[in-house]
Every structure is written in structure tokens, then in C-alpha cells.
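J.: Protein chains in written order, with the numbering used here: chain A, 11 to 222; chain B, 858 to 1329.
Hints in this document: simulated from the structure, not taken from any laboratory. The beta-carbon is built from N, C-alpha and C at its ideal position, and this holds for glycine as well. Treat each hint with caution, since some may be false.
[What the hints assert, rightly or not] Partial selection, computed: residues in chain B whose CB lies under 8 Å from chain A:
#	residue
1	Gly-874
2	Asp-878
3	Thr-894
4	Pro-896
5	Gln-897
6	Ser-992
7	Ile-1007
8	Thr-1009
9	Ser-1010
10	Ala-1017
11	Gly-1061
12	Gly-1090
13	Arg-1092
[To be verified] The calculated SDA-like cross-link candidates involving lysine to any residue, where the alpha carbons are at most 20 Å apart (straight line), are:
#	chain 1	residue 1	chain 2	residue 2
14	A	Lys-185	B	Arg-876
15	A	Lys-66	B	Asp-939
16	B	Lys-1025	B	Asp-865
17	B	Lys-1025	B	Ala-1134
18	B	Lys-1025	A	Asp-181
[As the list claims (entries may be wrong)] Between beta-carbon pairs, the in silico distance windows are:
#	chain 1	residue 1	chain 2	residue 2	range
19	B	Gly-933	A	Glu-70	43 to 53 Å
20	B	Ile-1177	A	Pro-75	16 to 26 Å
21	A	Asp-172	B	Glu-1180	26 to 36 Å
22	A	Ile-16	B	Ala-1120	48 to 58 Å
23	A	Asp-179	B	Lys-1229	56 to 66 Å
24	B	Ala-1277	A	Ser-190	38 to 48 Å
25	A	Thr-160	B	Asp-935	27 to 37 Å
26	B	Arg-1024	A	Glu-12	13 to 23 Å
27	A	Glu-12	B	Glu-959	31 to 41 Å
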Amino acid sequence: MESFDIHRGLVAPMDRANVDTDQIIPKQFLKSIRRTGFGDNLFDAWRYLDEGDIGKTQNERQFNPDFVLNAARYQGASVLLARDNFGCGSSREHAVWALMEYGFRCVIAPSFADIFFTNSANNGLLLIVLDPGAVDALFERVASPGFELTVDLPSQRVTADDGTSWLFDIDAERKQRLLSGLDDIGLTLACAPAIREFEAQHRRRAPWVFQP
Amino acid sequence: MGGRTLYDKIWESHLVGERADGMSLMYVDRHLLHEVTSPQAFEGLRLAGRAPWRVDANLATPDHNVPTVRDERVAGVDGIADEVARIQVQTLDANCRDFGIEEFGINDVRQGIVHVIGPEQGATLPGMTIVCGDSHTSTHGAFAALAQGIGTSEVEHVLATQCLAQRKSGNMRIVIDGALRPGVHAKDLILAVIRRIGTAGATGHVIEFTGPAVAELSMEGRMTVCNMAIEAGGRAGLVAVDDTTLDYVAGRPLSPSGDDWTAAAANWETLRSDPDAVFDREVRIDAATLSPQVSWGTSPELVVDIDEGVPDPGALDDPIKAEVASRALRYMGLEPGTPMTQIALDKVFIGSCTNARIEDLRIAAGIAEGRKVRVPQAMVVPGSGLVKRQAEEEGLDQVFIDAGFEWREPGCSMCLAMNADRLYPGERCASTSNRNFEGRQGHGGRTHLVSPATAAASAVAGYLADPREIAA
Ligand code: SF4
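Isolated chain A, as found in the complex:
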């Protein structure tokens, strides 16, 4: 997993509530058996005018000039500013892979959907929850060209170049994992004896669970 410490980057706005994972990465790309290759298809149905499919390269596509991420000023953005309930819908982790491969390291919104939240943590995509007022203020600022933010995970602070900053909350556990980039499975397997012991008791209590 990629670790996260301090990141400074250009901010791009996605001014819609309830952006679902079907929009972040449409279903036809889910046929891939790989973990990579999704970046060019991030927000595919919004980003391009033609219908995308697996194997179609970007050169063959028609960009939608009205889609915000296609604007010249947002090229290279690595911080996404979003609205409520971002990442709702399907559990597809491909949504997180697509966002990260595109170049996003961090998404800021008033709220996120639960499964997307966990998937992001498992890949090192930092999700920052700020109150709606702070998010509104950021949407106002992102209107000025070249708006960048510094995201400081250790001190849990987002700072604009004029010095204005916003503090954010994050679970101590998630923070630690993001900072260290530690292998989640390795962490759990360190508890293998406890899992085995629990399993043995559970088998006695509820043997029907273990029918082959």
C-alpha cells in the first residue's frame, strides 16, 4: 500500500452530490482481471463523448470539453474536492484504483460512503471529511486558477497558500496505517494464534457454521 505523509497539489472540483462508483469507473472496465489500467477511464461517461470500452485507447476517444477534469487548468490535479456521499453505490475497488492511477492522492468532501471509505484506506487514498461550510469555502477558492492545497496528515491539517487552514479528524488507526503504508494482511496475520483460538471455540459453539 502507498504511504501518505504530506502532499501538496493542485485542486480540482467535482461539484455534485452522490457521485457513485458507477460514474467513477463504469462497469465495462470491471471485466479486467488486473489492478491497473483504469486511470484513463476515470469518470469515463462524463469525460468522453463517445462510449468507452476496454481496449479502446485514449487517442481513439472524443474528450467532452465541458467536463471539469478536462479543463486545461485542472491538468495534473491531485486533490479532488467533492460533495456529500462521494463514492456511494457499488463496492468496486476499481473506483479507488482509477482515482489513484489518474493521479489523485486525496479527496475532500463533507461525507463518503462506507465501503468506498474502507477501500480508499486499503489503497492509501486519503479521504478527508470537512464540514459542509469548509467544503463550500474550498469550492469558492477553487474558482481561482492554480488553487493548491497542502495536505498534512501528521498534523491533520489542510492549508491553502494564503495560510488559511482547516483541521480534520481521522481515526488513529487509519492514520497510522496511511503513514506507514503497512500491509494490512500482515498486520492481521500477526494475530493468527488468536484467530485460531477463536475459531476453535466458535466451532464448538456453532458447529453448523463449519459444515463443508
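Given chain A, put chain B with the ligand in place with the hints provided.
T.: Frame of chain A, contents of chain B with the ligand only:
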């Protein structure tokens, strides 16, 4: 100490302990797998040289990508025309073979949508913790099982450790008082709930559905309700165990029998919230006030009664909501004020893990019987091979075929249109599935979420239709 909720009880009985970083480890009893969200997880296991922790906890089937047209289907995996889809299904077969995981292959009669086959096989039992790399795993909560959708990293984690690392969610109770009126079904009930609380209404919470109207529901109906707990933002949905649950579970291939059954049933009787349990949130709805529901927008909360009209965004106070509504109407090609029942359809889809069980097909067939489809295309896609067989034994297939519906092979089909079953740009569909997001059923397609009764009524009307006016 106050009483415990059903969620508290299942959580506590599966809590292994805390990991070094403070995350709780929850033991997973059952892990269901399908072709779309598992390949990268198996690849991860291989790269790390890890083996599945408990092979017999896993059960796999291909469902999202499988063709539902008979001619393509009979040729099996190698007959899947779409090469990328074929590789994905072959990859699942190969992974299951390599790791020794039981799989119901593409033409096994037990194959089907993963959330239909779990309960059907007794792989879903009360009190279990169940996970699957699919958000609609919430369906299994109908059996008082704590069932959660997970991402692919978690699929790999569960394969390797038999645990999920998580934090406990909040407790939310949705009480449904009263009784549903004729023509109003479980699907209408859950759409009404989402309409009320919104798609983020239960974020961070496990929802327990309770009350007289829920007690009256069949297991199929309860599955429909829990299925869409995720559309309300919930981490999972739950319904307490009662006789309806036990009757359904008894005698399934993987259900306990004999003395084991007696012990299990006694244990399952405790799977309900204590009378003094405390919930963080509570919502009450009166079932008797509900009409058939239909979605008009591109989110499952954008719903009206079938006898209402398309809402006017201009009438909304909240500017963000008004903007969402206007955008949805543009996408859906609808004008405010148009009566829903004057909206003409191109397609009707009866299927998906929300509404493709035998009871759903019986309800739809009851309306289709003796009538003719008046939309260009209507299809019925059973949830599993066993549902299909049962329906054929009851003659429902013939009812549908005589009415002009296509009778398909089981799979996810046009619920998400990964295979050839899809909407084309601008096409409008009444669908018994669970998501009406932009492009969900095909690029540029327009989805109206409805119950099987409303879908069948709409198919024979050619327009969105009120099943209460058709059924006679
Ligand atoms: S039927 Fe639809 S919602 Fe259900 S598992 Fe398949 S794709 Fe997902």
C-alpha cells in the same frame, strides 16, 4: 447495562480481538465470491505466497458477466462471445480450482446471482457473518446474518485471514408499522424508506428492519428490503429470526439437520434485539400509507408514488437538491408535472438480486397471465438455475413467453449491463433492479426502479403502470 441489539449480538459473538493498530478483527463465517471482484485478490494471495485460511468457508459462482441468451449459454464458458468477459469467468474457474474452492460453474443448475444462491443453498444461515465483494451482500441480512459488501483488498484479506478488520458501526432501527395494501410490495416499502431517509440516511449504521409489516413479509420480501439497505447508505440490513426464517432455512443443502438443527434453532431464537436495546437512530414508517413506488431520477432516493407526477425542481427550497433534480430530469428526458403513468417505455427488466426469486416471478406472472407485452422488449431473468427450474415446473415460463416476455438464463444481466443485455442511449426501462444511476443499465439508458408487480403491469401497458389498476 442496557439491552443489546441484534447487530451487537452478532458482532460480539464474532469478535476475535484487537489488532496491534487498534482495529477490531471480526471472524467471517461465510465468504461468497464472483468473477468481477475476486481476480485481483487471488493474484495478491499468489504474489504473497498465501493460502486461503479456511477453504470451506468460501463459495463461488460467476454471475455478473454470464450471457443469459440460451444459445450462447449452452456452450458454457468457452462459448462466452465477449473475450474479456470470458477470460474473467475462466479466471474464476481457474482460481477456484487452484485454491480448492467450491464453485457452481456457469451451467451448474445451482449457479445464479451470488445473493440468490447463498440463501437457496443454506450457505446463508442465521447468526452468521457473511461477506462478499459486492455491495448487495446486505441481502443476506434478511436471515439475521451480519452480511456486508467489501472491496477487493478485503476479499484478499478475508481469504488469507478469515477476518475483517473494521470498527463497529452504529445501530439504526427502521420500524414499519401497519400492513402493506394489496398491490404494494416489499420493493415499494424499501423504495419508500430510501425516499424518506435518503441515500446517505444510514451511512455508518447497520439497519435493523422491524415492525408488523416486516414480520408479515416472506423471506423473499425481507431479502428485497435488506438488499437495498445499501442504497440507503447502510453498512448492512438485518431482520430478526422468526418462524418464517426457520421454515425457509430448514432442509437446505447446507443447513444443519437432526440434533445439529435443534441446537442451531435454539441458538437462532436469541437472534433478536433485546426489548431495552438502544438504537442510535430510529425511523418509523406506516406501511398502510404506501402506494407502489417508482423512481424518476438517477438516484434511488428520487422516487414518487406511481399515481404522482414528475416533481418540479423549481419547487425545492434546497438549491443543491434542486440542481440534482434538474440534472436528473435532463438525463432522464422528463418534464416536471408529467404523470408517471404517461411515461412510455422501451424495455422492461424483471431480474436482479433484488427481485428475481420465485415469489417475484409468481407475482409478475400473475399480472402477465393472459395479457400481451406492449413494450419493444421485456425480459425475465431468473436469479438462479434453481429459481428457473422451479418457475418452469410451475409453468411460469410459459405464462411469460405467451405474454411476449423473453425467458432467459440466470445471471445479473441488465441490472448492470456488463453482458449484452443493456439499454441503448436514450432508451427507457422499468426495472426491478436496485440502481438507477446514470448509465447503470447501459450508456445513456434511463432506469425507473419498480417492484415486479409494477414492472409486469408496465410491460403489458407499454407505459409505467399502477399494478392495482391492471390486476383484476
Ligand atoms: S444483480 Fe445487480 S446488484 Fe445484484 S449482484 Fe448482480 S449486478 Fe450487483
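J.: Given a hint of 56 to 66 Å, does the C-beta separation of Asp-179 of chain A and Lys-1229 of chain B actually sit inside it?
T.: Since the Cβ atoms of Asp-179 of chain A and Lys-1229 of chain B sit about 59 Å apart, the hinted range of 56 to 66 Å holds.
J.: Identify whether the interface hint at Ile-1007 of chain B stands, where standing means a beta carbon of chain A within less than 8 Å of its own.
T.: holds, 6 Å
J.: Checking hints one by one. Is Ser-992 of chain B an interface residue toward chain A, by the C-beta closer than 8 Å rule?
T.: holds, 4 Å
J.: Given the hinted pair Lys-185 of chain A and Arg-876 of chain B, is their alpha-carbon gap at most 20 Å?
T.: holds, 15 Å
J.: Can we keep the Thr-894 of chain B interface hint, with Cβ of chain A closer than 8 Å?
T.: holds, 7 Å
J.: Are the Cα positions of Lys-66 of chain A and Asp-939 of chain B separated by 20 Å at most?
T.: Distance ~15 Å between Lys-66 of chain A and Asp-939 of chain B Cα, so the pair holds.
J.: Holds or violated: the 38 to 48 Å window for the beta-carbon distance between Ala-1277 of chain B and Ser-190 of chain A?
T.: The hint (38 to 48 Å, Cβ to Cβ) holds, given that Ala-1277 of chain B and Ser-190 of chain A are roughly 45 Å apart.
J.: Grab the minimum C-beta distance from Gln-897 of chain B to chain A and call the hint holds if it beats 8 Å, violated otherwise.
T.: holds, 5 Å
J.: Lys-1025 of chain B and Ala-1134 of chain B: Cα distance at most 20 Å?
T.: Distance of about 16 Å is within 20 Å: holds.
J.: May I ask you to test the interface hint for Pro-896 of chain B with respect to chain A, counting a Cβ-Cβ separation under 8 Å as satisfied?
T.: Because about 4 Å separates Pro-896 of chain B from the closest Cβ in chain A, which is inside the 8 Å limit, the hint holds.
J.: Kindly confirm whether 27 to 37 Å is satisfied by the beta carbon distance between Thr-160 of chain A and Asp-935 of chain B.
T.: Once the Cβ atoms are compared, 54 Å apart, the range 27 to 37 Å for Asp-935 of chain B and Thr-160 of chain A is violated.
J.: If you take the shortest Cβ to Cβ gap from Ala-1017 of chain B to chain A, is it below 8 Å?
T.: With a closest approach of 5 Å, the Ala-1017 of chain B hint holds.
Taken one by one, the earlier hints fail for this structure at numbers 19, 25, listed in ascending order.
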